[in-house]
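2 protein chains.
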Amino acid sequence: MVKRTSFEGDACPIARSLEAIGDWWSLLIIREALFGLRRFGEFQSKLGMAKNILSARLRSLVDHGILATAPASDGSAYQEYVLTAKGRGTFPVLVALRQWSEEFDDRPSEIATILVDREKGRPVRKLELRAEDGRLLSSADTTLKPRPTPRRRSTG
Amino acid sequence: MVKRTSFEGDACPIARSLEAIGDWWSLLIIREALFGLRRFGEFQSKLGMAKNILSARLRSLVDHGILATAPASDGSAYQEYVLTAKGRGTFPVLVALRQWSEEFDDRPSEIATILVDREKGRPVRKLELRAEDGRLLSSADTTLKPRPTPRRRSTG
DNA sequence: CTTGTGTGGTTGCATCATAAAACCATATGC
DNA sequence: GCATATGGTTTTATGATGCAACCACACAAG
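Chains as they are written, first to last, in the numbering used here: chain A, 769 to 924; chain B, 769 to 924.
Source of the hints: derived by calculation from the structure; they are not laboratory data. Treat the hints with care, as some may be off.
One copy or two, either will do: identical chains are not told apart, so a pair holds if it fits within one copy or between any two.
As the list claims (entries may be wrong) - No more than 25 Å apart at the CA atoms, straight line, and that leaves these computed lysine-lysine pairs for PhoX-like:
#1 894 <-> 854
#2 888 <-> 913
#3 854 <-> 888
#4 913 <-> 814
#5 894 <-> 814
#6 888 <-> 814
Construct the entire structure; sequences and hints are all you get.
Okay, structure coming up:
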């Protein structure tokens, strides 16, 4: 078997997240879900993707606990796909991707939308990584440490 | 032609970024590059991926302006792959993916590392999205607006 | 009760991307 | 010259994707 290399058991949290949402369509589906879409047909027509692929992706996202199926909402006998807390938690990832495009895209004029805060209608700030004490951190200011083994209760 | 649906001309900045770094390996290569790796063999042995795939990914990342090839550094006649500013700009994306895993992974105990600030050795804060005036924003507090057409000089 | 239509999928088949291994090219050591 | 390490490319098999066609179910009309 050649198998599409799974990162499921990988110890790297980036690999683990890519395992769940690292394919071509998942983040776009989540983006639409954050925007309010819920129905199979809505996703299909909005994203213009093949129905079998959409079906497989939705199932995978449900399996990963990112979407949940709700029995109905407008009376129709079909199901809807709604984001879980885990699904809504991908919001920073989407914002980071968006801001990366805005900053580095070769043809930024082709970008059609800007993310604004709903209350004021003004563009949002850039995502910033800060230390505990509030210092702004770049990648060079960070490093990785082994995770301390969490001590189990009633073991010591 | 069935063609792997390109998002190149898409107006959505998320789709555009996925076009460049939305595949299985690119972000992991970038992660290693941020960590200091530069040589083909380093990436290959660290990531354990097939050499042809690595070769194709490195070429794609160079084409997208995320990596650049440097002629040498230790005298050997081979080339190295170093991150550009655009490449280093993906750091928030990687942090967002990491933090998403840390917060929502089903088996968080399998995550081996934590991201700390180099100076203090303390875990970093969570990425936060803020409005211009500093208010903390969730996805529900944001909305999309059409990008205002930038006025060209000497047109009006 | 049969027919038609819309929504929500699944199935078949062609094509593309990925993976593993074999192969090639260049430099280095002996 | 011969073995070996590095840095790839080529070959070939298989999994994933994309499109179209088909199926299932609900609902409405006749």
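Legend entry - Numbers of the earlier hints that this structure fails to satisfy, in rising order: 3, 5, 6
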